[in-house]
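Participant: Single-letter residue listing:
Protein chains: 2
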Amino acid sequence: MELHALDLYIKSLIKEAGHLIRNSLATELVIEAKSNANDLVTNMDKEIEQFFISRIRRDFPGHRVFGEEGFGDVIENLDGTVWILDPIDGTMNFIHQKSNFAISLGIYENGIGKLGYIYDVVNDNLYHAVNGEGAYCNDERLLPLKETSLDKSIVGINATWVTPNRYIRHEDSIRLIQDVRGTRSYGSAALELAYLATGRIDAYLSMRLSPWDIAGGMVIAKEVGAIATNFKDEPANLLKQDSFIAANPSVHSKILTEYIHVK
Amino acid sequence: MELHALDLYIKSLIKEAGHLIRNSLATELVIEAKSNANDLVTNMDKEIEQFFISRIRRDFPGHRVFGEEGFGDVIENLDGTVWILDPIDGTMNFIHQKSNFAISLGIYENGIGKLGYIYDVVNDNLYHAVNGEGAYCNDERLLPLKETSLDKSIVGINATWVTPNRYIRHEDSIRLIQDVRGTRSYGSAALELAYLATGRIDAYLSMRLSPWDIAGGMVIAKEVGAIATNFKDEPANLLKQDSFIAANPSVHSKILTEYIHVK
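One line per chain: the protein sequences are Z and S, in this order. With full-length UniProt numbering, letter number 192 in the first sequence gets 192, and the count goes up by one each step, no holes. With full-length UniProt numbering, letter number 193 in the second sequence gets 193, and the count goes up by one each step, no holes.
It should be emphasised that the hints constitute simulated quantities derived from the structure, not laboratory data. Hints may be right or wrong, so weigh each one.
[What the hints assert, rightly or not] Using C-beta positions, here's what the derived DEER-type ranges look like: (1) Z:Leu3 <-> S:Asp179: 41 to 49 Å; (2) Z:Ser253 <-> S:Asp179: 33 to 41 Å; (3) S:Leu20 <-> Z:Glu76: 30 to 38 Å; (4) Z:Ser99 <-> S:Lys34: 28 to 36 Å; (5) S:Lys232 <-> Z:Gly132: 55 to 63 Å; (6) Z:Arg208 <-> S:Ile31: 33 to 41 Å; (7) S:Asn43 <-> Z:Asn110: 50 to 58 Å; (8) Z:Ser54 <-> S:Arg166: 50 to 58 Å; (9) Z:Pro249 <-> S:Ala5: 52 to 60 Å.
[As the list claims (entries may be wrong)] Restricting the straight-line Cα-Cα distance to at most 30 Å, the calculated cross-link-like pairs of lysine-lysine (DSBU-like) are: (10) S:Lys240 <-> S:Lys222; (11) S:Lys98 <-> Z:Lys152; (12) S:Lys34 <-> S:Lys263; (13) S:Lys46 <-> Z:Lys152; (14) S:Lys240 <-> S:Lys98; (15) S:Lys34 <-> Z:Lys254; (16) S:Lys46 <-> S:Lys34; (17) Z:Lys114 <-> Z:Lys240; (18) S:Lys254 <-> Z:Lys98; (19) Z:Lys98 <-> S:Lys152; (20) S:Lys263 <-> Z:Lys98; (21) Z:Lys34 <-> S:Lys146; (22) S:Lys15 <-> S:Lys34; (23) Z:Lys240 <-> Z:Lys254; (24) S:Lys222 <-> Z:Lys98; (25) Z:Lys11 <-> S:Lys98; (26) Z:Lys152 <-> S:Lys240; (27) S:Lys46 <-> Z:Lys34; (28) S:Lys114 <-> S:Lys11.
A quick note: this is a predicted structure, and the numbers were derived from the prediction, not measured. Note that the Cβ used here is the ideal one computed from N, Cα and C, for glycine as well.
Isolated chain Z, as found in the complex (with noise of 0.2 Å):
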């Protein structure tokens, strides 16, 4: 199928995916735990994955599916057309707000991202992207991301990571928030990366991510000029879960190489 084409095929479905999403807001969820106590999945989450396998599977039979919940296919490379899926990115926002989660969705053509969705359902505000053709937050096209410096950004960051970890010095991460502007936390990954990409936010960072937390939202936020790697500024990790910044030009290199120190 033409790009085109399949960005219609895909705005539908993401909104049908939605309209499921926002009826089941009013039912009891059913709510798991998985790697730890406040990993969390519920029914939906696995709803909406095979909702969106069943529909690919039947349309796109030689596309492959990389999704959080493990209904796709194992992906150890990203040759041919991959979808990378998380049906609710901010399960955590999802049980606890029922508002501030999201579709999370990536077409990568032989690791190309092609086509980028993020849906934040309860607002129903479609975040869209076509590879070289811009970022529109639903019928608006986003500006490019405009200039500016470490000391008036705002950086999204979770207090987790200011704190002794295992993955950063946090001494040098204290200092980060220290000379920015301000700092927030949402709790959602798909988002973050969609206020980057409007400027609500100029960088976002996290010391672990899966593949399918960024994969739509980079295809949307390299539109506007955002610049995404992991903590080594090597192209960010689609195949496994891995450290993440994405930023405005202009803080990016200078984030990287003066305030985060990789243990």
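Given the coordinates of chain Z, work out where chain S should sit on it, guided by the hints.
Facilitator: Relative to the frame of chain Z, chain S by itself:
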């Protein structure tokens, strides 16, 4: 004026102020720094405070106004009827995000919170309460807070407060963020109180807040059963800047006694 009539008057006034703010979003702001480079004020903070004060002076000449921008009265006690107003709570978000800010207003009679308002201007959500008559978001009544436990709680706390600071022992606040389910930071005390009142977060704390940051939200939060104090477990300070915690009653005392140690 009788309380319910005053409530209707204020709702209308707040909506008018919100309209002025929304209209300003497309215009260039005049931004100044106050106590430090990141303590910002705009022409709109000032204009909106003056808008409120001109109406209050005209229609309620016996009332006093305690406003963030200082156009109101010098307030050294809460005798009589006092309007405690933050025309734009979350000014940094207002400037940087054009969202995630609020008008915050509390009406106190001889120190007792009678009416409370938090207006999320961009999303057009008005949280409000009349003392003893429950709290609402728009027309929807907010439910009493449910019993919870610390390990299932989401806490609103800025990353700053888990780094070395002159107010509290950060070793203890680090334990707090390790023991809770998650932390969030939204950059507007008023909105974080609204989120507490709707159960989206279970506690919100900050080392230093001013009366206008909390006056409206306290009336609302109290109606759903939240407890608001300073870090010494004294009634929250409505005359001076002070520490502040508002929380679900299941966790308020535990957070204060086990995790907060004022220096």
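Participant: Now tell me, hint by hint, if it's right for this structure.
Facilitator: How the hints compare with the structure:
1. For Leu3 of chain Z and Asp179 of chain S, the hinted distance range of 41 to 49 Å is satisfied, since their beta carbons lie about 48 Å from each other.
2. At roughly 36 Å, the beta carbons of Ser253 of chain Z and Asp179 of chain S sit within the given window of 33 to 41 Å.
3. Checking the proposed 30 to 38 Å range against Leu20 of chain S and Glu76 of chain Z shows it is violated: the Cβ atoms sit about 56 Å from each other.
4. Taken as a hint, the range 28 to 36 Å holds for the pair Ser99 of chain Z and Lys34 of chain S, whose Cβ atoms sit roughly 32 Å apart.
5. Hint check: Lys232 of chain S to Gly132 of chain Z, Cβ distance near 58 Å, so the stated range 55 to 63 Å holds.
6. Between Arg208 of chain Z and Ile31 of chain S the C-beta distance comes to about 36 Å, which sits within the given range of 33 to 41 Å.
7. Evaluation of the 50 to 58 Å hint for Asn43 of chain S and Asn110 of chain Z yields a pass: the beta carbon distance comes to about 51 Å.
8. Between Ser54 of chain Z and Arg166 of chain S the C-beta distance comes to about 57 Å, which sits within the given range of 50 to 58 Å.
9. Range check, Pro249 of chain Z to Ala5 of chain S: about 55 Å between beta-carbon atoms, so the 52 to 60 Å window is met.
10. For the hint linking Lys240 of chain S to Lys222 of chain S, the alpha-carbon distance of about 20 Å falls within 30 Å, and the restraint holds.
11. For the hint pairing Lys98 of chain S with Lys152 of chain Z, the CA-to-CA distance comes to about 15 Å; that is within 30 Å, so the pair holds.
12. With a C-alpha separation of about 26 Å, the suggested pair Lys34 of chain S and Lys263 of chain S falls inside the 30 Å cut-off, and the hint holds.
13. The suggested pairing of Lys46 of chain S with Lys152 of chain Z holds, with an alpha-carbon distance near 22 Å, which does not exceed 30 Å.
14. For the hint pairing Lys240 of chain S with Lys98 of chain S, the CA-to-CA distance comes to about 28 Å; that is within 30 Å, so the pair holds.
15. Between Lys34 of chain S and Lys254 of chain Z the alpha-carbon distance is near 27 Å, which keeps this suggested pair within the 30 Å criterion.
16. Pair hint Lys46 of chain S plus Lys34 of chain S holds up; C-alpha atoms about 13 Å apart against a cutoff of 30 Å.
17. Restraint check for Lys114 of chain Z and Lys240 of chain Z: the C-alpha separation of about 20 Å stays at or below 30 Å, so the hint holds.
18. Straight-line distance between C-alpha atoms of Lys254 of chain S and Lys98 of chain Z comes to about 26 Å, which keeps the hinted pair within the 30 Å bound.
19. The hinted pair formed by Lys98 of chain Z and Lys152 of chain S meets the criterion: a straight-line CA distance of about 15 Å does not exceed 30 Å.
20. About 37 Å separates the Cα atoms of Lys263 of chain S and Lys98 of chain Z, which puts this hinted pair outside 30 Å; it is violated.
21. The suggested pairing of Lys34 of chain Z with Lys146 of chain S holds, with an alpha-carbon distance near 25 Å, which does not exceed 30 Å.
22. Our distance criterion of 30 Å between C-alpha atoms is met by Lys15 of chain S and Lys34 of chain S, whose separation comes to about 27 Å.
23. Restraint check for Lys240 of chain Z and Lys254 of chain Z: satisfied, since their Cα atoms lie roughly 25 Å apart, inside the 30 Å limit.
24. Taken as a hint, the Lys222 of chain S and Lys98 of chain Z pair is honoured in the structure, with Cα atoms around 22 Å apart against an allowance of 30 Å.
25. Simply put, Lys11 of chain Z and Lys98 of chain S have alpha-carbon atoms about 26 Å apart, close enough for the 30 Å limit, and the pair holds.
26. Between Lys152 of chain Z and Lys240 of chain S the CA atoms are separated by roughly 28 Å; this keeps the pair inside 30 Å, and the hint holds.
27. For the hint pairing Lys46 of chain S with Lys34 of chain Z, the CA-to-CA distance comes to about 49 Å; that exceeds 30 Å, so the pair is violated.
28. Proximity of Lys114 of chain S to Lys11 of chain S is assessed by CA-CA distance (about 14 Å); at most 30 Å being required, the pair is judged to hold.
Checked against the numbered hints above, the structure violates hints 3, 20, 27; every other hint is satisfied.
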